[in-house]
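Listed here are the chains, written in short residue letters.
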Amino acid sequence: MTQPHISLAAEKIGSIFGLSITNSILMTWMVMIVLTAFAFLISRKISLVPGHFQSIAELTVEGLYGLFRSVIGEVYVASFFPLLATIFLFVLLANWGGLLPGVGTVGKYVAEFANENVPHVQENITFVPFLRGATADLNTTLAIALVAVSAIQYYGVKTLGLPYFKKFINLSNPIMFGVGLLEIISEFSRIISFAFRLFGNIFAGEVLLTVIAFLMPLLAPLPFLGLELFVGFIQALVFSMLTAVFLSMATVSHADH
Amino acid sequence: MEKLGVELPLLITQIINFVIMIFVLTKLLYKPILKGLEKRRQKIEEGLKLTETVKIEEEHLQKRREEMVKEARIEARAILEEAKKAAKDASDEIINQGKQEVQTLKLKMENELNVRHSEMVKKLTLTTVTTATEMVKKLLPKLLNDKTQHDLVMTQLELMEKQHET
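These protein sequence lines map, in sequence, to chains A and B.
So that you can map any letter, position 197 of the first sequence is 197 in the working numbering, and since no number is skipped, the others follow by simple counting.
Just so we're on the same page, the working numbering is the position in the second sequence counted from 1, plus 1000.
Hints are computed from structural coordinates only; laboratory data are not their basis.
No experiment lies behind these values; they were computed from the predicted model shown.
Treat the hints with caution; some may be incorrect.
[As the list claims (entries may be wrong)] Residues from chain B that keep clear of chain A, each with C-beta distances beyond 10 Å, as calculated:
1. Glu1007
2. Leu1080
3. Leu1105
[Claimed, not checked] Derived pair list, reagent style DSSO-like, types lysine-lysine, alpha-carbon separation capped at 30 Å:
4. B:Lys1039 with B:Lys1063
5. A:Lys12 with B:Lys1003
6. B:Lys1085 with B:Lys1108
7. B:Lys1049 with B:Lys1063
8. B:Lys1027 with B:Lys1043
9. B:Lys1085 with A:Lys45
10. B:Lys1055 with B:Lys1039
11. B:Lys1055 with A:Lys45
12. B:Lys1035 with A:Lys158
13. B:Lys1049 with B:Lys1039
14. B:Lys1055 with B:Lys1031
15. A:Lys12 with A:Lys108
16. B:Lys1137 with B:Lys1162
17. B:Lys1035 with B:Lys1049
18. B:Lys1122 with B:Lys1099
19. A:Lys158 with B:Lys1031
20. A:Lys45 with B:Lys1162
21. B:Lys1085 with B:Lys1070
22. B:Lys1031 with B:Lys1043
23. A:Lys45 with B:Lys1043
24. A:Lys45 with B:Lys1035
25. B:Lys1137 with B:Lys1122
26. B:Lys1084 with B:Lys1108
27. A:Lys45 with B:Lys1049
28. A:Lys108 with B:Lys1003
29. B:Lys1147 with B:Lys1123
30. A:Lys158 with B:Lys1027
Idealized CB from N, CA, C, for every residue including glycine.
Isolated chain B (complex conformation) (with noise of 0.2 Å):
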């Protein structure tokens, strides 16, 4: 073994050598190496989990957005429907009303002209009596004498007593 450059001192201090490397590369190296591998390889876990549970969040969002859409339409179309309906009974109801407040109208403009035309044949007719008795009385001295207003009023004194025999 000598002839081969072996000896005792040599191969103890190699094998200290070596075996420092042991500690300080497990130490420096291979520990740290590892623990960041395997701290990558969880948070890439947590990640490919919180994308799954995003996607079937995601999924479930769409869903309930795809429902609710559903559910607005129908309720859009309801509210269409009834705006539609409360719009129809208004117009009626304000057509109806109009055409009752026209017939009051029509009504009270009927009443008004009745009195005003009843009002203006009692003017017509106490303005004709007027007239006529002033022309009467502006006539009848001269169209009558003595003698006629005389017979006239004996005339109407005998009709006046048949009509009170009857």
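Just chain A, same shape as in the assembly (with noise of 0.2 Å):
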């Protein structure tokens, strides 16, 4: 019997121009081609009866902007709403993309070799899937992370100016030295925990359906399914909240808080 094929880093598939393509940034490709056809449909023709596809895209970009208004507030959500629409846009599609049929199951078998020097000499053959969930691949999570927080930076300075600096050093005194440094801590901790929070979720979802698949292929999967689209829905819901509420922190004077 073969064993479940799980791993933590995403597989290299190929290369374009020196550059590694793996398996995870092929299905982030085909994540941005489904959102920027559905966009491209959308903006071709919008008319003030909307149809079904403008429908869904009104219902959509209206609900998001009325829950991210309501943590960021009228004044800002003009300015962040892109940035937090697309976080949880892109963060959905790739978290359901990755419980698509196909995904981690279709794929090559690569030979692996104990010494790279000594090719002839063959270790085991592993399982190559061609797509894996962009989501369940850290640098996907960790590049979204790190565009979220600078984001976040970027806005507070464009907001409060230099004393947005106040909280990470002040030396009025001791404790306040203090307190920024773990602001600083902090600032980075976010990242880590955006990031290490949406890879831990999506990918323990991913070994928990390739394992049930493994034991039981038919049926009981399903559950573990529809569980993992709520959890995609959630985590999607999550990064971009929590993103809002950052932002919103952000451009609010430290006195103030």
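Join the two chains into one complex using the hints; note that each chain is given alone, in its own frame.
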């Protein structure tokens, strides 16, 4: 019986101009194509009386806008909305993309060698899937987390100016200096928490589905698929909502806290 | 980090991918949709305002119409009263005129009757005199002789003389 394929890192499936292409990057591009195609179809013919596609897009955009407005407030929502909505839509589709049939299951077998200098000695044969859930790769979640935290710092400086850095470097007294250090650590911990929370949840879900499908391929994975759909949605919402909250906090001066 | 699969080139690629996605979705999805929603909101607002204006205008027109109907009724009643009065005046005038005409006609007829009566009396008198004259002419020679004629003439002459004396 073949063992189920579980790999913490995304597998390389090729390279373009020297850049390694992993199965998760391929999935990211597919998500980008789907989102761009949907956006292009919508923007091509926007009418006052919406059709099916436009209604879906309006419902999504308007719902997200209202949700983020309730967190951030009317003043900054227009500025922050593109980043927050993209986080939600991109993470949601990336999460759900990993649940599609064929993702993680269709691939090729590659021979791994114990010693690269002696290629004829074959160690074992590993399975490399062509596609992998984009958010089941730490590179993707870390990239989104870095963009989100960078945006938080950018909008903080843009809104408050140089006094924004007062919360990090405050030499007024030793306690505030210590608090500042904690703030710096907290900013970096945000990157890690953002990246690992999403990666952990999605990767764990995929592992769970793989194991269940390995143990009982028929019917048993269905409830877990439903659960993973829900987890995918919740994780997208959590990522975008936390970014919204942090953005909202960054645009308020430290004295107002 | 290497064991977790984190590699700088892959990380940078994903950052670029995500930033591209932000720009593409902003340009193709969020901006057009939010613009469309704002446009629709404005249209709905305009429509509601217009409906409110039309409603107020309709109420105003309804009020004005009721006033006009009321005024028209009062005016119609006044016209009717005036018409009745005018008709009564006209009928009275016609009746009076008729009476006058009848009176005039009556007088005219009476005059005419009187004239005719007088003429008839004259004619009758003339006819009677003529007939009497004729009868006298025919009968007198037979009734009166010379002596009677003489006596009669004399009687008459005496009578005339007496009358003359008185």
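Violated constraints from the hint list, given by number and in increasing order = Structure breaks hints 1, 4, 6, 9, 11, 14, 18, 20, 26 and 29.
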